[in-house]
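Visitor: So the chains spell out like this:
There are 4 protein chains.
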Amino acid sequence: MNGRVIPYDIADLTLAEQGRKRIAWAAREMPVLRLLRERFERERPLEGLRIVACVHVTTETANLAYALRAAGATPVICASNPLSTQDDVAAALVADGFHVYARRGEDAETYYRHINWALDHEPHLIIDDGADVVTTVHRDRRDVLQTVIGSTEETTTGVIRLRALARDDLLAFPAIAVNDAMTKHLFDNRYGTGQSTIDAILRATNLLLAGKTVVVAGYGWCGRGIALRARGMGAHVIVTEVDPVRALEAVMDGYRVLPMREAARVGDLFVTATGNLHVIDREHFLVMKNGAIVCNAGHFNVEINLEALAEMAVERIVHRPFVEEYVLPDGRAIVVLAEGRLVNLAVAEGHPASVMDMSFANQALACVYLAQRGRQLPADVYPVPAEIDREIAQLKLESMGIAIDRLTPEQEAYLVSWQHGT
Amino acid sequence: MNGRVIPYDIADLTLAEQGRKRIAWAAREMPVLRLLRERFERERPLEGLRIVACVHVTTETANLAYALRAAGATPVICASNPLSTQDDVAAALVADGFHVYARRGEDAETYYRHINWALDHEPHLIIDDGADVVTTVHRDRRDVLQTVIGSTEETTTGVIRLRALARDDLLAFPAIAVNDAMTKHLFDNRYGTGQSTIDAILRATNLLLAGKTVVVAGYGWCGRGIALRARGMGAHVIVTEVDPVRALEAVMDGYRVLPMREAARVGDLFVTATGNLHVIDREHFLVMKNGAIVCNAGHFNVEINLEALAEMAVERIVHRPFVEEYVLPDGRAIVVLAEGRLVNLAVAEGHPASVMDMSFANQALACVYLAQRGRQLPADVYPVPAEIDREIAQLKLESMGIAIDRLTPEQEAYLVSWQHGT
Amino acid sequence: MNGRVIPYDIADLTLAEQGRKRIAWAAREMPVLRLLRERFERERPLEGLRIVACVHVTTETANLAYALRAAGATPVICASNPLSTQDDVAAALVADGFHVYARRGEDAETYYRHINWALDHEPHLIIDDGADVVTTVHRDRRDVLQTVIGSTEETTTGVIRLRALARDDLLAFPAIAVNDAMTKHLFDNRYGTGQSTIDAILRATNLLLAGKTVVVAGYGWCGRGIALRARGMGAHVIVTEVDPVRALEAVMDGYRVLPMREAARVGDLFVTATGNLHVIDREHFLVMKNGAIVCNAGHFNVEINLEALAEMAVERIVHRPFVEEYVLPDGRAIVVLAEGRLVNLAVAEGHPASVMDMSFANQALACVYLAQRGRQLPADVYPVPAEIDREIAQLKLESMGIAIDRLTPEQEAYLVSWQHGT
Amino acid sequence: MNGRVIPYDIADLTLAEQGRKRIAWAAREMPVLRLLRERFERERPLEGLRIVACVHVTTETANLAYALRAAGATPVICASNPLSTQDDVAAALVADGFHVYARRGEDAETYYRHINWALDHEPHLIIDDGADVVTTVHRDRRDVLQTVIGSTEETTTGVIRLRALARDDLLAFPAIAVNDAMTKHLFDNRYGTGQSTIDAILRATNLLLAGKTVVVAGYGWCGRGIALRARGMGAHVIVTEVDPVRALEAVMDGYRVLPMREAARVGDLFVTATGNLHVIDREHFLVMKNGAIVCNAGHFNVEINLEALAEMAVERIVHRPFVEEYVLPDGRAIVVLAEGRLVNLAVAEGHPASVMDMSFANQALACVYLAQRGRQLPADVYPVPAEIDREIAQLKLESMGIAIDRLTPEQEAYLVSWQHGT
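One line per chain: the protein sequences are F, U, L and X, in this order.
The numbering of the first sequence is my numbering, which starts it at 1 and goes up by one.
The numbering of the second sequence is my numbering, which starts it at 1 and goes up by one.
The numbering of the third sequence is my numbering, which starts it at 1 and goes up by one.
The numbering of the fourth sequence is my numbering, which starts it at 1 and goes up by one.
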C-alpha cells in the first residue's frame, strides 16, 4: 500500500452527527456484536490487518466496522449497492477516521471506481456482499492477490458465484460462505428480508396489504420470509417456483402455487426473490392487471426485465419517491418500485439491526478464523464452523433474557448410544 | 357568513405540486369514492351546502373533499390532529381553491384557532373526527347552531363523546355515527389501524418484530388489528383488557392475557389502543425493561402518562425522528414514539387509502343523508343506514373484481320461513 | 301431568358406566357450570319446575342436566339431532333417574315421537336447539301452552325461526335467544364449531389438510371458525358468501372469495355453514373434481342437495364409517360425510366441553331468569341480559387463572366524561 | 429359507374385508405410489427379492406392500410399534397372501418374536422403522447377514442409531437414510406428525385447544409441525429446546421459549418430540398444574418418565380410552395419553396417506436403488439420491394438478455463470 490511496469519497460530511446518533440507536439492537467488540478489545485478534468491506453502508455495518477496528484491523469500506448507502452513516464513519467510498445513488462507473479505490489499500481480508470485489480482484486486480489471505461472503448470490469460480479452479484464496451459517441465513433472509421487504413496500406505496393478492417469486429463505409476512399482513399469497420440492413445500404451507404466466394475471403486487434473471418478463407484463406493482427483493436488479418494460411503455411517471409508473399502449399501468433494485435497502433501512447483529457477528468471527488459519487453507469455499453458529445463537438468546434446557448426562449418553430398543 | 373569514392558513403553498401527485396516487386505491364522485357530479346532492370537515389532512381526505365539491358542497377543512397534517396536501387543496386551516405540528392554541376559523364559514354540515368541532360548537360557538343541520363522526372516541352529550340532553342536532358503520369500523380500525401502526413502528424504529414481546393494551377493533398484525410479523403478543368478554376472546385467539402490571415487566414494545387514559402509568414505567418502547394508537395522546414519565426522567434524548428516550434515575431507558400521539398518523401515513375509501364513502353518503333528512331528525346519535353499508361493500368488491353468490328465490323463501324442521 | 308418561326410551342401559366416566371427564372442562351448580344447590332457583331440554345428548349436556336438577328442576331430555346422541350418556342419565328419549340414529318419526313424549311431561320451561320443540308446541301440542312459561334457544337457526314466529304474531311465550349471548355465539360457533368440524373431518377421512383447497360456504361465526382452523392446519381456504360486507371481511382476512360455481371447480373439500338450503347444488356437483369431499357444519342437513346428488349417481359406496362415495355417470366420485348432517356432532363429539361450559351456563342462567321474570314478559324474542354475559366471562377467566385489569376511578370518570379535548 | 417359517400371526382374519376397503380409501390419497406401482408392474425391478418390512401396519404401508409385490418382491411384514397395528389391515394383507406378523397391543416379547419370525424369511432387503430389525440382526440374528443386501430406514431415531453403528464400524451392510430425503422429512415429520398429533389429542380428549397453553418439547421438524398446528388451532404455544439455534428460531417464529422447568408450571398440555429420554421428568410432574395432560409424539416411549410418575402416584384412573389419570399425593392429577407411546399412531391413524405417499415412494425407490447397486456399496449410511427427491416432488405436484415454472435456457446460463456483476 502506498500513498496514492484516495482517503474517502462520500456525499456530505456534514451529516456525520445524525449518522452517529443512528449508529448508536442500531447498536442497542446488536448485543452480540457489542459483546464481541468488548472481547476483541482485549484480544486484538485482527491486529494489523487491512480489511476491505464491501457492504451496504448502513448503521448496522458501521457497528461491524467499529468491532473490526476494536480487533486491531483497519477496515476500508465501499458500498455493495448504489442505492442502499446511507450518506449520514458514511459521513459519521469518515468523521471517525475510516476510509469510506460510497455515495447514495452512485452510477455503475463510480461503483466500480469505489471498489478499485478500496482495493488500492491492498487488503489482507475481503468482506464481500455479492462477490463483486472478489470478481473484480480475479478479473482486473490480480495485483492484490499477494496480500489477500481470504474472503467472506454475505449473500446467497455471492456464494453461487464463488462456487462457480472454485468449480472452474479459478478461485485464488479460501472464502468463507458466511451466508450459509445457520445464524445468518436462517434469520437474516427469512426474518430480516421478510420484514424489511414489507416495510419497504409500505413506505413506498402505503398500500393496504389485507385483501391484496401478492405474488412471491421464489420460495428460498427470502421468499419464505416475504410470503409469511405478506400473509401475516392479511394478503392472499401466490408463490412461483422452478424447484418441485420447494414448490411442494409452498403448497403444504397453504399458499397457491402457480406458474408466473398465470400468477401474472391475478397479482396486485409482485415481489421477486429468486436470484435469477427476468423472472418477470415481457410476457408477464402483457397480461398484468392495470395498476399492478412489481418490486425486487433479490440481490441484483435483474429479476424484473425493466428493459423490456421500458420498451413497451409509452410514458413513465414518478408518483412518489421510488414509485414509477410505466404506461403501456393499451392504457394499463405497471408500477415499479425502486427501479427494480433491492427494495428493502433502497426504500426502507435494510435488515433490522437485530438480524444484522448475528450476520455481522458471523462476519467478524469468520475474519478472525481466516486470520488464524486462512493461510493454511487451500483455495476453496468453506462453511462457517458449527461452533461459531452455536456461540452466536447462545449469545443472542442470553441477550434476550431467554434460558434453554441443557442435556443431562443421562440424556447425552442416550443420544450417543445405539443399544436402546422399543 | 360574511367577508371576515380567513381564506386559509397552511405551512407552504409551494408544496402544492407534490401534494397533487400524492393525492392522485391515493385516488387509485379509492375506487368507491371515485364512483360516488362520478354519481355526485350528475346528481349534485349537496348543492349549496357548506361543510366543515375536521379531518386528518391527508391524501385520502383530500379525495373526500373533491367528492364533496363534486356534489355541489363547499368543503372547509381543518386538522383533527396537529401531527397528522401533510403540508403538501394542504397546499394542493388551497391551490385548488379549498379553504384549509392546518399546519403540521401546530400548537394547541393554533389548533383551536383553526377550528374557529373554519366555523366562521357557518357550516350546514360538520364532518368531525374526535368530536372537537362539535364540542367547540356546543361550548363556545353556539352562534353557528342556526345553520348547522347535523354532523357526522369518524371515531369511536368521538361517538362516545356525542353519546355523553345526547345522554345529558345537550346535543343540539342529529349526529351520524359513521364510525359504527360496518364498512367503517370493521375495516378501518381492524385492517387500517392494524397495518399502519406496524408501519409506523417500523418507520420510527426499524425494529425487528420477530421474536419481540409486544403488549397491546385494549382488544377492541383497533387492538385486534394491531395484535393480529404484530403476530403476523412474528412477535409474541400479550393483550391487556378491562372487559372480561374481550379478554376471553383474546385468550381464545391464542394471545396471552395479563394485567398491565405484569405485562409491563416482560414487554419489549407497548401499543395502547383503549380510548382511555393512563393505561400505561407511573407504576408500569417503574418495572419496564431497559429499552422498552411505548407508543399509542388510540385517538388521544392520554393513554400513556407522559407527564409522569417526564417527572421520573433525569434525561431525554431524541435518537431518530419521533424516537425519544427517557432515561430514569436507575439507568433504565424508556423510549417513547411520537410523543404518545396517534403513532400511525404521526409517523406513517395514516390508514391506507383503500381503507379510507370506505370510511369516506360512508362520510359522503352520510352527508347526503343528513342533507336530505337531517332537518326532520330529532337531535340524537344515529347509525349509518344499513343499505349504505351494503352498497359500499358491494362497490368495493366489484372494484376488486370479486363476484359473490346471490340468494336463489328458493333460498330467500327458505330463510323467511319458519315451517321447516329437522 | 299424569301417569301415562313414558319414563324413557334409549338404546342400551348397560352403557351407563362408560357414560358416567365420560360425563365426569367432560365436567373437568366445565368449571363455570360446576360453580353455578354449587350455587344452585344452595339457592334452588328452579325448585319444582319441569324443563324439557331438547339437546344434543352428549357428555356436556349431561352436565347441564345435573346443574338444572341441582337447582331444583326436573329435566326431561330429548335429542335435538338423531345422529348426535351418545347412547352411553343417555344410559348414564337414565340410570341416574332422568327422563331421556334419545337413540343414536333414530329415524324422523321416532325423533318427533320423542319430542312428543317429552312434552307429555307438561314442561314449565323449554330448552330448545333448532326450535323443533317450540315449533311442535305451536303446531301440534298447544295443549302444553298452559304450563309453559318460556323457552331458551341455543342455535342461530332456531333464533331465526323464533323471530319469524314473533314477526307473524304467532309466538305464544317469551323466548331467550341464548345463541346471541356474547359468551355463547362468540365462542361456541367460532372456536367450538371451528375445531370440532376439523376434528370430525379428520376422524372421518384422515385426510391431510395441508395443501388442500378447502371451500367454506358462509362467513358467519361458524364459517369464520372453520376457515380459521382450516388455514391453521395448512389448507388453502376459499370462502363463498351472499352478504357483501361479510364477503369483504373474508377478503381482508386473506381468503379467496369466489361464487360457489367457480369454487366448485377447484375445491378438494367443501364445508357448508350458511343456515340456508342447497348451497351446494346439482350445478356444483356437475363441475367438481373427482374425489371431492363435501360435508355440512350447519344445523340442518339441507345445505347440500343430496337428493339431487343421489339422482345423479350411478353407484354409492360406503368406504369408512360416515364416508359415502357417490359415483357419477362420467366416473367422477363425490364423497359425502355423515349423510350431510352436522358433521362435528355426527362424526366427532360436538363442541369441546369447555365451549359448551359457557353456552350451558347461559342456558342455566336464562332458565333462572325466565323462572323469575318470564311470567311478566310479553311473548317475544329476548337477548340474554348483559350482566349474565360478563359474569360468565369473568368466571371462565378465573377458572383459567387469568387476571385482567380493572378501571381506576380516574379512568371510569374519563370514560363517562365528554369534556376532554385534544 | 426353509419350510419352518410361520406363515403369519395376526389378531383376526375376519376383519379382512373392512381392511381392504380402508386400504382402497388410503390408495386414493397416494397417487405417487400408484404411479410407481404401475411402472413396477412393467419393469419388475425387485424380481425375486424377499423384503422384511418392519413398519406401522396401516392402510398406507399396505399400499407400499402392494407396490413392492408389483415390482416382483415378496414382502414380509412385521409391526414397528405394538400400538399402531391396524388389525383389519393385517387381516386384509394375509387374506391377500402376504406374510404378516402383527397384533395390536402385543407385548414386548411378542414384538421381538415377530421380528425374528420375519427374519426367518432370510430377506435380501430390510425396510426398517426405528432400526429395531437392523439392531436385532446385528445382535442376535447374524445368520441372515449372508442374504441381506442392505436396508432403508424411515425415522430420525433409526438413522441416529444406524450412524452410531457405522461410527463404531459395526454396520454390516449399506443403509439408506430414507428419513433424510427432502420429500420425506420435510413433509412427513412437519405436516404429517403436525396434523396427526393434533388429531390424536382431539380424539383422545376432545379438548378445546383455543386458549390452552401447549408446551412442545423439541423444535425439530416434528416439533415445528406440532407447534404450528397447535397455534393454528388457537393455542398459546411454548417451546423447549436444548439447541440454541433451534431455540432462537422458535423465538423468531413467535413462540415463547422456556426451560421445561418453567414451562411445566404453566402448561395445560405437553407434547414431547425430542428423540431423547425423560424430557418430562419427576421434577416437572412436581410443579405441573392439576389436570395437566402429557403425551409423546417421538418415536420411542421414553420421552416422558412414566416410571417416575407411577411411583409418585397414589391412584390411576382410566377415563376414556388412551386417557389415564395419575393422582398425586397432593391431590393434583396428571393425565397421560396412550401410555406415553407415539400418540398419533396409538390414538389416531398415523400420518395421513398423502404424506405417507411420498415417504413410501422413497422407500420403494430406495429398495430399487439397493437392489441395483447395493452389493457394490461399502457398509455405511447413505442419503437418498437427489434425483429421487425431485422425481417424487414432481409426481406429487402433477397429481395435485399444479404446474410450476421451468428455467429458460437464458436463466440456466445465468445461474451457472459467475461473470455477471451489479
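Incorrect hints may have been included.
For identical chains, the list gives no copy identity; a pair is met inside one copy or between any two copies.
Claimed, not checked - The calculated lysine to any residue pairs, modelled on SDA-like cross-linking and capped at a C-alpha distance of 20 Å, are:
#, residue 1, residue 2
1, K289, R50
2, K289, R142
3, K289, R261
4, K289, D243
5, K289, D180
6, K289, E106
7, K21, V327
8, K289, N116
9, K21, R39
10, K21, H319
11, K21, L186
12, K21, R320
13, K289, M400
14, K289, P7
Honestly, the hints are just simulated from the structure, not real lab data.
Visitor: Next step is simple, just say for each hint if it's right about the structure.
Guide: Evaluated hints:
{"no.": "1", "hint": "K289 with R50", "verdict": "neither (52 Å within a copy, 39 Å between copies)"}
{"no.": "2", "hint": "K289 with R142", "verdict": "neither (49 Å within a copy, 52 Å between copies)"}
{"no.": "3", "hint": "K289 with R261", "verdict": "within (13 Å within a copy, 23 Å between copies)"}
{"no.": "4", "hint": "K289 with D243", "verdict": "neither (27 Å within a copy, 26 Å between copies)"}
{"no.": "5", "hint": "K289 with D180", "verdict": "neither (38 Å within a copy, 34 Å between copies)"}
{"no.": "6", "hint": "K289 with E106", "verdict": "neither (33 Å within a copy, 42 Å between copies)"}
{"no.": "7", "hint": "K21 with V327", "verdict": "between (42 Å within a copy, 16 Å between copies)"}
{"no.": "8", "hint": "K289 with N116", "verdict": "neither (44 Å within a copy, 46 Å between copies)"}
{"no.": "9", "hint": "K21 with R39", "verdict": "neither (24 Å within a copy, 52 Å between copies)"}
{"no.": "10", "hint": "K21 with H319", "verdict": "between (31 Å within a copy, 6 Å between copies)"}
{"no.": "11", "hint": "K21 with L186", "verdict": "neither (29 Å within a copy, 40 Å between copies)"}
{"no.": "12", "hint": "K21 with R320", "verdict": "between (28 Å within a copy, 7 Å between copies)"}
{"no.": "13", "hint": "K289 with M400", "verdict": "between (45 Å within a copy, 11 Å between copies)"}
{"no.": "14", "hint": "K289 with P7", "verdict": "neither (50 Å within a copy, 42 Å between copies)"}
When the structure is compared with the earlier hints, violations turn up for hints 1, 2, 4, 5, 6, 8, 9, 11 and 14 and for no others.
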